[in-house]
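Visitor: Here is how the chains run, residue by residue.
There are 2 protein chains.
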Amino acid sequence: MKKVGIREVAQEANVSTATVSRVLNNRGYISQETRDKVQAAMKKLEYYPNDLARALYKKRTYTVGLIFPSNVHPFQAELIQDIEYLLSNQGYKVLLCNSLNNPEKEIAYLTMLKKNQVDGIIVGTHNKHIDGYKNTKLPVIAIDRDLGKNTATVSCDNYAGGQMAVQLLIDRGCKQILDIRGDSSIKLPANERTVAYRDLMKKYSLESHVLEVPFVLAADQKRQIIEDYLGSHPQIDGIFAGDDLLASLAIFYLETHHKKVPDDVKVIGFDGAKETLLYNPRLTTIRQPIEQIARTATEKLINEIKGQKETDQLKLPVTLFTGHTV
Amino acid sequence: MKKVGIREVAQEANVSTATVSRVLNNRGYISQETRDKVQAAMKKLEYYPNDLARALYKKRTYTVGLIFPSNVHPFQAELIQDIEYLLSNQGYKVLLCNSLNNPEKEIAYLTMLKKNQVDGIIVGTHNKHIDGYKNTKLPVIAIDRDLGKNTATVSCDNYAGGQMAVQLLIDRGCKQILDIRGDSSIKLPANERTVAYRDLMKKYSLESHVLEVPFVLAADQKRQIIEDYLGSHPQIDGIFAGDDLLASLAIFYLETHHKKVPDDVKVIGFDGAKETLLYNPRLTTIRQPIEQIARTATEKLINEIKGQKETDQLKLPVTLFTGHTV
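Protein chains in written order, with full-length UniProt numbering: chain G, 1 to 326; chain S, 1 to 326.
Each hint should be verified, as a subset may be incorrect.
Any copy, or any two copies together, can satisfy a pair, since identical chains are not distinguished.
[Claimed, not checked] Here are the computed lysine-lysine pairs in the DSS-like style, where the Cα-Cα straight-line distance is at most 25 Å:
#1 Lys-115 x Lys-59
#2 Lys-309 x Lys-137
#3 Lys-58 x Lys-115
#4 Lys-274 x Lys-58
Just so you know, these hints were derived from the structure itself, not from any lab.
Predicted model, so just to flag it, every value in this text is computed and none were measured.
Hey, can you work out the whole structure from these sequences and the hints?
Guide: Below, the structure is given as structure tokens:
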């Protein structure tokens with residue numbers, strides 16, 4: 001389909017392109033008759049003023065790239081939705097870039113966003129060794145990811161979240177507590193949860209059990225790792241899971257292997273996305289302040305776009321959602 | 001932040017803009033020395049060839065708008081993710097537009113997409129009375145929505161899905177089966193599920209019970225409607241829910257009101273998104289062929305962009321996911 005430009009409008013209205021341009025910009029003298037003719041032609045041909053041309057001229061596209069692993073994972077999905085909502089209220093469009101935990105895909109998106117002159121990027125991926133965000137002049141805000149001192153990062157207070165979860169398990173009598181965490185070789189704010197776990201194990205003289213389940217694995221692989229571990233460690237009576245999916249996988253394994261949750265094993269998750277709790281209101285979890293993370297990241301990005309450099313490393317407060325699994 | 005153009009690159013390399021342009025387009029004679037100087041300047045200034053300028057010139061943006069109610073609802077989230085993946089493999093970018101069931105927001109997105117010269121739109125919203133998709137020259141493909149004979153629609157075989165679900169409940173001995181459905185005043189392919197339900201109730205001489213829960217309501221309102229209904233209709237022994245959220249809400253109500261699922265009441269959902277089944281592997285549901293819907297809609301959209309008009313109303317086959325709730 002050929003797109004309609006002012007040339008086609010001018011032809012249809014039988015006027016010059018300069019006249020069409022004057023009508024569009026409300027500039028110079030135009031008779032009502034000519035104005036009506038041009039507007040009728042625009043309507044007939046479905047002409048819309050070209051925001052692309054304007055963006056090129058003004059060197060501002062009002063477009064933001066969101067690079068996240070997936071818009072399906074409930075925490076990221078809610079975050080993306082909140083960010084898209086807030087940005088659209090400020091007149092920004094959102095290009096959705098699901099990296100699917102593929103570093104090559106992430107690098108290709110980054111190049112595409114730069115070629116398309118986006119005004120800024122919000123990134124929340126967990127891939128290692130992506131250099132394109134550092135030392136770029138493009139405004140970039142990170143969520144749950146450490147891109148160095150020069151890039152602002154927004155995350156929840158992971159240490160406080162870890163403390164809250166593990167203290168609850170201890171208070172409810174758990175003695176053999178398992179911490180299911182992500183890949184420890186990636187530098188992420190979430191690593192603080194395990195620091196909190198270890199501090200509490202030490203404080204209460206409890207044995208540490210840490211199981212690494214890399215975030216980037218497929219769900220079936222995650223399930224297998226958890227099942228293998230729980231199958232060979234029947235003494236575990238409490239689980240602090242790195243996210244609600246890991247918690248759900250553990251609960252399903254336990255319940256289909258004749259362990260009652262919470263009577264025999266207590267399980268607490270992390271994230272607490274609205275959608276997760278709608279479908280799984282029984283789950284006890286640490287809720288991240290998703291709307292607040294989205295709002296903070298969006299505000300900081302817009303500040304950067306307007307020329308104010310942001311470098312804060314912010315930690316926003318978490319809360320406990322009391323379900324029926326602890 | 002001021003964006004870098006070929007003028008800045010020319011200045012940095014101390015050559016003319018025409019020379020930069022020749023390097024970029026690999027045209028005309030350029031000495032290796034000049035070429036190296038220009039490329040060094042591009043690297044230093046982080047210059048990326050401007051895809052916006054190219055789009056404007058070629059009248060093709062390789063951008064597609066996705067207008068859906070939400071990227072959080074598991075079915076739509078998976079659909080959006082699959083479509084984004086398929087389109088990105090074909091060199092298209094995706095503008096994410098969550099209408100949040102707000103008709104004004106939907107209309108504003110539609111105008112924004114037209115102004116930004118997108119090559120096409122895939123729409124899966126449930127708002128009434130939005131005329132902007134009809135009689136437009138822009139390629140539009142609908143998913144689960146009827147936009148008239150001129151627009152191709154892709155959906156699952158809703159009648160077969162309804163039959164499969166209700167027949168299963170009947171086979172398992174249910175006599176008082178409730179159909180929880182969306183707003184019957186909207187013309188949607190999903191309405192066929194209730195047609196299948198009524199046909200089976202008639203065939204087996206069973207009493208019909210239909211509860212409307214509009215899709216656009218907030219989750220708390222949906223929960224309230226379901227709880228009120230089930231509270232005042234204790235005879236219900238089988239539920240065919242319009243989606244997995246409605247099924248989950250019903251199951252939670254029943255289980256917290258001393259009814260066992262599936263012993264006392266059997267419940268079957270609809271959609272069966274991967275993420276839902278990861279978190280709720282106990283749920284019995286009708287699975288939509290999400291990947292196939294995404295692939296078909298994407299192919300049809302690209303065909304339309306290339307000039308081949310698509311008007312099929314396609315119904316893709318569903319399958320039963322056997323959990324533990326029927």
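Visitor: Could you run down the list of hints and mark each one as holding or not?
Guide: Status of each hint after checking the structure:
1. Lys-115 x Lys-59: both (12 Å within a copy, 17 Å between copies)
2. Lys-309 x Lys-137: within (10 Å within a copy, 43 Å between copies)
3. Lys-58 x Lys-115: both (16 Å within a copy, 16 Å between copies)
4. Lys-274 x Lys-58: neither (39 Å within a copy, 43 Å between copies)
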